[in-house]
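*Asks:* So the protein lines, in turn, are chains A and B. Quick note: the first sequence uses full-length UniProt numbering, first residue 1, plus one each step. Quick note: the second sequence uses full-length UniProt numbering, first residue 1, plus one each step.
None of these hints come from the bench; they were simulated from the model. Think of the CB as a built atom: it goes at the ideal place given N, C-alpha and C, for glycine as much as any other residue. Just to be clear, a hint being listed does not mean it is correct.
[To be verified] Sample of chain B residues at the chain A side, in silico, Cβ under 7 Å:
{"#": "1", "residue": "Leu-87"}
{"#": "2", "residue": "Asp-88"}
{"#": "3", "residue": "Arg-106"}
{"#": "4", "residue": "Gln-117"}
{"#": "5", "residue": "Trp-123"}
{"#": "6", "residue": "Pro-133"}
{"#": "7", "residue": "Leu-136"}
{"#": "8", "residue": "Gly-138"}
{"#": "9", "residue": "Val-139"}
{"#": "10", "residue": "Phe-272"}
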Amino acid sequence: MSAARVSRWVAPVLVGVLALVTWQVVVVAADLPPYLLPSPTAIVEQLRQVVPLVWSAALATGANVLVGLVAGAVTAVLAAVVAARSRIVDGLMSPTAAALSVMPIVALAPALNTLFGTTSTTPRRLVVAVVVFAPVFVNTLRGLRQVQPVHRDLMRAYAASPWQVTRTVTVPGALPYLFTGLRIASSTGVIAAVVAEYFGGLQNGLGSRITAAAANSAYARAWAFVLGAILLGLVLYLATAALERAVARRNGAVPDGT
Amino acid sequence: MSDVTTATEATGTPPDAAPGATSLPVAPAGPATAVDVRGVSKVFATRAGTVTALDDIHLSVAAGEFVSLIGPSGCGKSTLLRLVADLDQPTSGEIAVFGRPPRVAREAQDYGIAFQQAGLLPWRSVAANVELPLELHGVGRRERAARAAELLALVGLTEFAGHFPHQLSGGMQQRVAIARSLAESPSLLLMDEPFGALDEMTRERMQTELVRLCAESGAAVVFVTHSIPEAVFLSQRVVVMSPRPGRIAQVVPVDLARADERTDDLREDAAFFAAVTAVREALHGGHGADVPTRGVDVR
């Protein structure tokens with residue numbers, strides 16, 4: 001590890017530790033009741049006790065996020081490819097994407113629960129897919145429209161078919177944009193999956209555990225599951241970023257950083 | 001006035017009437033005329049009104065001939081090239097590429113093309129960029145690789161085959177673009193200021209290389225440039241254009257040497273300077289009342 005790499009990690013870790021210490025000091029000094037804010041030590045103590053439960057809940061929610069993320073992203077990319085090629089489809093899809101992006105999860109989740117039954121994971125996965133669709137669609141479409149005029153001329157000179165242009169120029173050029181969309185979607189996807197569990201159904205995910213713990217006044221335990229949700233979000237975010245770097249490197253981009 | 005200027009053609013004279021084309025050492029099979037432009041005009045509609053980019057252009061390029069288009073910005077030289085390439089359509093007039101309409105010629109891949117920007121695909125390696133036209137036209141993997149290796153050797157970039165464009169200098173990228181334009185051994189090369197963004201030394205080396213490549217391939221070349229020495233060094237004829245509306249002011253035959261004699265020594269030759277002077281004078285319209293470059297500005 002080079003010095004630059006170490007310093008890149010040191011700063012955020014330092015800020016995090018400082019925030020935790022402040023948090024602990026404030027809770028102890030002001031003698032805050034746990035239902036307002038439990039102390040970090042209390043949360044860690046709870047986390048130690050329920051680690052297997054946090055793990056299985058994170059796995060259940062993570063599976064929902066993953067399935068929803070993949071389904072939503074694939075649909076969004078396909079829709080963007082079609083929309084980039086057809087003005088009519090674009091006219092149909094763009095308002096749809098705008099509508100989907102403002103659709104409140106709190107309204108959608110109970111409706112889907114009724115539709116698919118409360119023992120199914122489908123409603124939660126659908127919620128994630130819906131939330132993922134808009135950022136991936138909008139960013140990918142933007143990327144697909146970024147074709148350089150010189151590449152357009154070149155492909156015309158080669159008498160390339162529309163499909164060949166899509167495959168060799170537009171889609172590879174849109175990949176960085178697609179990943180920007182995916183990175184946004186991976187975080188919002190986790191939030192959506194957790195929130196979707198608030199509305200009944202299976203009690204196996206992080207969201208259900210948080211509500212259950214809070215309902216039993218086990219506030220520190222609720223926060224332990226929140227911590228699990230944060231870690232799940234981070235893991236997905238880092239996974240997306242790693243995928244992005246791997247694709248960029250394969251395509252000859254300069255790896256950023258040192 | 002040097003003797004070169006006296007040999008120039010007057011504006012608007014159909015090229016058929018004045019056979020300026022020189023005899024050629026290498027001529028590919030097929031029609032003897034690579035490009036035939038007859039009475040072509042191009043009018044662009046803009047918000048501020050219509051702009052006549054080209055007005056009644058007549059030009060004929062023989063197979064294997066190297067012709068440069070030179071003129072100030074806005075004289076329509078790039079537009080003319082784009083019309084020949086079927087990247088734009090003329091408002092009126094006719095263009096034939098090897099006796100066929102430009103669209104048919106484009107679809108049949110009769111020409112190779114290079115632009116001022118190298119236009120390499122940044123996510124493809126150098127070799128994959130050179131292979132691109134072959135890949136699009138269904139050439140098999142092994143054959144593609146062999147051809148790319150051959151072309152990269154031709155432009156002296158063999159050891160960079162696996163590199164990506166951003167790892168190359170501007171001059172190297174342009175050489176890749178030229179290799180790509182030669183991939184399908186076209187009998188016509190259309191080049192729109194391919195060396196425009198390069199430094200002078202790289203530029204001169206590239207020019208010498210291009211002369212060699214064209215002599216080897218026997219392709220006709222239509223070469224758009226801003227640079228008088230470049231046009232003179234490369235061409236058999238220099239077509240001098242004037243702006244607003246884009247017209248051919250003069251066609252200056254230069255043809256200083258055979259391709260294999262066109263070395264750097266030529267750049268210091270008296271004939272080279274005479275030809276540069278002739279093109280410069282044609283460009284500035286400083287002689288002969290029949291050249292309308294100045295008349296337009298007064299209006």
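*Asks:* Tell me, which hint numbers fail for this structure?
*Replies:* 2, 8, 9, 10
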